[in-house]
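Undergrad: Chains as they are written, first to last, in our numbering: chain A, 1 to 713; chain B, 1001 to 1085.
Bear in mind the hints are in silico, worked out from the structure with no lab data behind them. Beta carbons are placed, not taken as given, at the ideal position from N, Cα and C, and that holds for glycine. Be aware that a few hints might be false.
[Unchecked claim] A few chain B residues that don't get close to chain A, going by computed Cβ distances all over 12 angstroms:
#, residue
1, S1013
2, R1016
3, V1021
4, S1029
5, A1032
[Unchecked claim] Pairwise CB distance ranges, derived in the manner of DEER restraints:
#, chain 1, residue 1, chain 2, residue 2, range
6, B, N1075, A, R214, 16 to 22 angstroms
7, A, A574, B, G1059, 46 to 52 angstroms
8, B, M1069, A, A665, 42 to 48 angstroms
9, B, L1035, A, W628, 32 to 38 angstroms
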Amino acid sequence: MPKILRIVLWVAVSLLGALALATIALHRGEQINALWLVVAAVCTYTVGYRFYSGFIAAKILVLDPLRATPAERLENGRDFIPTNKWVVFGHHFAAIAGPGPLVGPVLAAQFGYLPGTLWIIAGGVLGGCVQDFVILLFSIRRDGKSLTEMAKSEIGPLAGLIAYAAVISIIVILLGATALIVVNALKSSPWGTFTIAMTMPIAVLMGFYLRRIRPGKVLESSLLGFVLVIAAIFGGQWVSQQPSWAAIFTLTAPTLAILIIGYGFAASALPIWLLLAPRDYLSTFVKLGTISLLAAGIVAFRPSLHMPPLTRFIDGTGPVFAGTMFPFAFITIACGAISGFHSLISSGTTPKLIRRETEARFVGYGGMLAESMVGIMAMISACVLQPGIYFAINSPAGVVGQAPETAAATISAWGFPVTAAQMATFAHAVGEQTLFNRTGGAPAFAVGMAQIFSSTLGGQAVMALWYHFAIMFEALFILTIIDAGTRVGRFMLQDALSHIWKPLGRTSWYPSILFTSALIVAAWGSFLWQGVKDPLGGINSLWPLFGICNQLLAIVALCVSTTIIVKMARVKMATVNTGRVKTPRVSAGLPEPNHASASPARMQSLGYVFVTLIPLCWLVSVTFTASWHKVLDPNPRIGFLAHANQLVKAAANPRLIFNDRLDAAVTALLVVMVTMILIESALVCGRIIAGSTPAVIRESPYVATRLTLEEQA
Amino acid sequence: MTIPSEAFAPARSGARNRRRVFAAAEVISFIARVLSVFAATLREIFDESAYQRFLKRSGIPSSSVAYAMFQRENNQAQARRPRCC
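Same shape as in the complex, but just chain B (with noise of 0.2 angstroms):
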C-alpha cells in the first residue's frame, strides 16, 4: 500500500520549523560563546580581569583607590614580564 505524501506535510513542515528553530538557536548560542570568550580574552589581556580578581581577593569595591592599589601591586610583576621582539 502506497502513502500519499501530501498525509506527512504538516508533520514534516513542524518538524523542519522545529529544526530550523533549534538549529539557529545553535548558532546563535554558538556565536554568543565565541564573543563571550573573545571578550575574556581581551579582558584578560588588558588586566580587566586581574583587577576583577584583586578587588575579590581583597574583598573592597572597585575605585580610584582601590585601582591605585592594584597597580601598584602589579607593577612589580609587570616590569619582570618579559615581552618578546
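Pulled out of the complex, with its shape left as it was, chain A reads as follows (with noise of 0.2 angstroms):
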C-alpha cells in the first residue's frame, strides 16, 4: 500500500476512535447506541497494536526473528513445540478469559458505563497488554521460566518467595470469590441448579466416549457434550415447573456453598479424571462460544445503553460494592484491563509455544487486547439493562430490604425507577422465581446477554432459554476454574511445604494429597462460607479483596518487567560506550541491530522504562490507596476493622467478626509483602543506574534458529 494512503488510513481510524470515545464521554441526556463503545475499543486497540506494540517491539525488546525461542531449542513433542502464532493466539486467549473480564465491569457498570469502559480502553492498551506480553517475551529468553521464577532471578531470593506467596493468595481468594458467583447465580433456582448437576453426567459419558468410542477425539465429544448441555436446559425448565422436581433442586446458598467446597475437595483430591478433564473440555468449548455469539450479537443488535454514563454512586455509596469511583472501579475490573494473573500464563505454556520472538508481539499484546474486548461486551451486557433493573439485582438484602417492595422503593428513591411487579414479570420471563439481591454479577450478565438475544432472536418467549444458557456457561467454567485452580494450589503448596518435610511434597503419596487439597479447600471455602453468610452480599468484600490480590501480582509482574527494561537500558549503554559489553548477537557472529548511537539516544533507551513504569506508579496508587480504605476506612461497608468493630457493638457472632479481621490481616500483609518487591526492585534498579551493581541480564544463551522463513511462516 502507498506511503500516503496508510498515513490517510491510520489517520482515519484515529479520527474515527476519537470520535467514538468523545460521544461516550461527552454524551449527556440521551441514551447511547452501544456501538460507539465498540467503535471506540475497536480504534483505540488497532491504533495501540499498530503504534504503541510496535514501538515496544522496536525500540524496547528488539524483538529478533533470527533469535532461536525455547520452542525450537528443547523442542521434546510435550512442552516445547514451535506452534503456528494463530494456533498460539488461540490456545493463550482461551487460557487468559475467564469469567473476571465478564463479572467486574458488570459489577463496576454502578459507577455508569464510562469509568469502566474508559479504564478498560486504557488500561488495556497502556497497562494490560503492555505486562502480558514483556512478560511473555523476558520468558521466552529465559527459556520459558516462571513469574516467580524470573523475580528470584532478577530481582532477588525474597522477590521470588513473596511472588510465590502473592500467587498462591490469589488462588484462594480468587476461587472464593468465584465460587460464591456461582452459589447466587444458583441459589433458590431449580433450572440452573438442575442443568449444572446435569454437566456431571454429561462429561462421564463425553469422557466415555473419548476414551472407548473415539479415543481422542475431542472436539467430536465436546460437540455431542454441547448438544446434551443444550437437552439440559430444556430439561431444567421442565423440572423448574414441576413442582416435586423442582423441590429438589431448589436449593439454599449454604447448601450450594457446601456442596462446591465437597465437589473442590473431590476434584483435588480424587482420580476421578473421567469426569474433569471433559468437562474442562466443555467448558472451554462453551466458553469460546458464548464469547463469540455474543460478540455477534452486539454487532449484530446493536443495543442501547439504558445506563447513564455516571451514576451518583461514584462517592463511595454504591450499593453494588461500596467505595468511591477512585479506586475501585480500578480494582474491580482486573481482566479486562489489566490482570497479574496473566502473567502466570505468559510465563507458563504460551512462551514454550512461541515459534519466534516476533509472534509475542501478535500472542501477548494482541490476545489481551481480545480479552480486553471482552470485558467492553460485559460492559455493554450489563449497561442495556435498565438501571433500576441492573440494581435490583446486584443490590444485597442487607443494603436495599429483604421485601421485593421496600428493595423497589429503595432503588426508585435513588432515580432509577423500578416495581416489584415490573421485576416479578422479569423474573417470570426468565424463568426464575426472584431476581431481587441476585449479587455476583452473574445473573445480572446473563439478564443483559437474554436482552440482547431475545430482542430479535426468538423474542421473550425465548429470553428464559437465553438466560439459563448464560448462567449455565458462567457457573460450568466456574466450577472448572475451581476445581483446576484447587489442584494448581495444592501442587504449588505441596512444593513449599516439601521444604519443610520431603514426603508432603510427593504428588503421589495419598495422605499429602489429602492433607493438601484439605488445606487448599478450607481456606477457598472459608471465604466462600464468609461471602454466603455476609448480610452484605459478600461480593461488596471478596471481590474488591481479589482484585487487590489481583493488581498486586501485576505490580510484581511490572517490577519484574521494569527492573530488567532497566537492565536492558544500562548494557546497551555500555555497549555502545565502550564496545566492550557484547550482546549475544554479536557474539554469534550475527549484525549488530542498528541501536542508537548519539549520545542523547542512548540515554533514551533508559527512558523507555516509562512503559512499564507508568502503569506500575497507577497501579502502586490504586492498589495501595483501595488497601488502606479496605483495612482502615471508617465507613463500615467499605473498612474491614469498622466493620468488625460495628459487629463487635452489636454483639454479632464472633465468627463474623473474625472474617473481617483476617481480611484485613490478608489485604495489610499482602501490601507489606508487595511493599517489600517494590523496595528490593528500587534499589536493583537503582544501583544498577548509578553504575554501582554491574547489569547482568540472566537470558539464556544467544542460538540462532534453525527454521527456515517457510518454516517460520
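Since each chain comes alone in its own frame, lean on the hints to assemble the complex.
TA: Okay, here's the thing in C-alpha cells:
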C-alpha cells in the first residue's frame, strides 16, 4: 500500500476512535448506542497494536526473528513445541479469558458505563497488554521461566518468595470469590441447578466417548456434550415447572456452598479424571462459543445503553460494592484492563509454544486486546439493562431490604425507577422465582445477554432459555476454574511444604494429597462461607479483595519487567559507550541491530522504562489506596476493621468479626509483601543506573534459529 | 492510426476470465488456509494435537489404551497449568 494511503488510513482510524471516545465521554441525557463503545475500543486497540506495541517491540525489546526460541531449541513434543502463531494465540486467549472480564465490568457498571469503559480501553492498551507482552518475551528469553523464577533471578530471592506467596493468596481468594458467584447465581434456581448438575453425567459420558468409542476425538465429544447441555437447559425448564422436582433442585446458598466445597475437595484429592478432563473441554468449548456469539450479537443488534455514563454512586455509596470510583473502579475491573494473573499464563505454557520472538507481540499484546474486548462486551451487557433492574439484581438485601416492595422503593428513591411487579414479570420471563438480591454479577450479565438476544432471536418467548444458557456457561467454567485452581494450589502447597518435610512434596502420596487438598479447600471455602453468610452479599468484600490481590500480582510482574528493562538499557548503553560488553547477537557472529549511537539517543533507551513504570506507578497508587480503604476506612461498608468494630458493638457472631479481621490481615500482609518487592526492585534499578552494580541479564544464551523463513511462515 | 477496440475484445475477455479464475482460486485457497488454521487452533486447544504428538512419539496406534496412557501423562502437566480468572 502506498505510504500516503497508509497515513490517510491510520489518521482516519484515529479520528474515528477519537470521535467515538468523545461521544461516549461527552454524551449526556440521552441513550447512546452500544456500537459507539465497540468502535471506540476497536479503533483504540488497532492504533495501540500498530503503533504502541510496534514501538515496544522495535525500540525496547528489540525482537529478533533470527534468535531461536525455547520452543525450537528445547523442542520435546510435549511442553516445548514450535507452533503456528494463530494457534498459540487461540491457546493463550482460551487460557486468559475467564469469568473475570465478564463479572468485573458488570459490577463496575454501578458507576455508569463511562469509568469502566475508559479504564478497560486505556488500561488494556497501556497496561495489561504491555504487561502480558513484556513478560511473555522475557520468559521466552529465559527458556520459559515462570514469573516467580524470574522475580527470584532478576530482583532477588525475597522477591521470588513474595511472588510465590502472592500467587497462592490470589488463587485462594479467586476461588472463594468465583465460587460465591456460582452460589449466588444458582441459589433458589431449580432450573440453573439442574442444568449444572447435569453437566456431571454429561462429562462422564464424554469421558467414556473419548476413552472407548473415539479415543482422543475431543472436538467431537465436546460437540456431543454441547448438544446434551442444550438439552439439559430444556430439561431444566421442565424440572422448574414440576413442583416435586423443583423442590429437590431448589437449594439455599449455604447448601450450595457446602456442595461446591465438597466438589472442590473431591476434584483435587480423588482420581476422577473421567469427570474433570471432559468437563474442562466442554467448558472451553462453551466459553469460546458464547464469547463469539455475544460479540456477533452486539454488532448485529446494536442495542442502546440505558445506564447513564455516570451514576450518583461514584461518591462511594454504591449498593453493589461500597467505595469511591477511585480507586475501586480500577480494582473491580482487573481482567479486561490489567490482570496480574495473566503474567502466570504469559510465563507458563505460552512461551514454550512461540516459534519466533516477533510473534510474542501478536500473542501477548494481541491476546490481551481480545480479552479487553470481552470486557467491553460485558460492560455493554450490563448497561443495556434498565438501571432500576440492574440495581435490583445486584443490590444485597442488607442494603435495599428483603421484601420486593421495600427494595423497589429504595432503588426508585435513588432515581432509578423500578417496581416489584416489573421485577416479578421480568423474573417470570427468565424462568426464575425472583431476581432481587442476585449479587455477584453473573445473573445481571445473564439477564443482559438474554435481553440482547431475545430482542430479535426468538423474542420474549425464549428469553428464559437465553438466560439459563448464560448462567450455565458462567457456572460451568467457574466450576472448571475451581477444580483446576484447587489442584494448582494443592501442587504449589506441596512444593512449599516439601521444604519443611520432604514426603509432603510427593504428589502421588495419598496422605499428602488429602492433607494439602484439605488445606487449600479450607482456605478458599472459608472465604466462600464468609461471603454466603455476609448480609451485604459477600461480593462487597470478596471481589475488591480479589481485585487487590490480582493488581498486587500485576505490580510484581511490572516490577520484574521494569528491572529487566533497566538492565537491558544499561547493557545497551555500555555496549555503545565502550564496546566491551557484547550482546549475544554479536558473539554469535550476527550483525548488531542498529542501536542508537548518539549520546541523547543512548540515554533515551533508559527513558523507555516508562512503558512499564507508568502502569506500575498507577497500579501502586490504585492498589495501595484501595487496600488502605479496605483495611482502615471508618465507613463499615468499606473498611474491614470498621465493620468488625460495628459487629463487636452489636454483639454479633464472633465468626463474622473474625472474618473481617482476617480479610484486613490478608490485605495488609499482601501490601507489606509487595512493598518489599517494590523496594528491592527500586534498589536494584537504582544501583544499576548509578553504575554501582553491573547489569547482569540472566537470559539464556543466544542461538541462531535453524527454522527457515518458509517454516516460520 | 487508431485501432478499433473491438479488435482486442476476445483477447481481453480471455485475460479477464483467466484473472477472475485466478482471483477465485486465490480466495478459495485463502479461505481454506483460514479454516485449516482455525481447525488447528481448536485441535491444539482441545489437546487433539497433543494426543497425535504422543502417538507419534510413542510409535503406537490410537486406541483406548493409548488414550488412557496419554491422559495419565498429561494429567500432571495439566493440573499445574494456571488458568486465569
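Undergrad: Would you pick out the hints that fail for this structure and give their numbers low to high?
TA: Of the numbered hints, just 9 does not hold.
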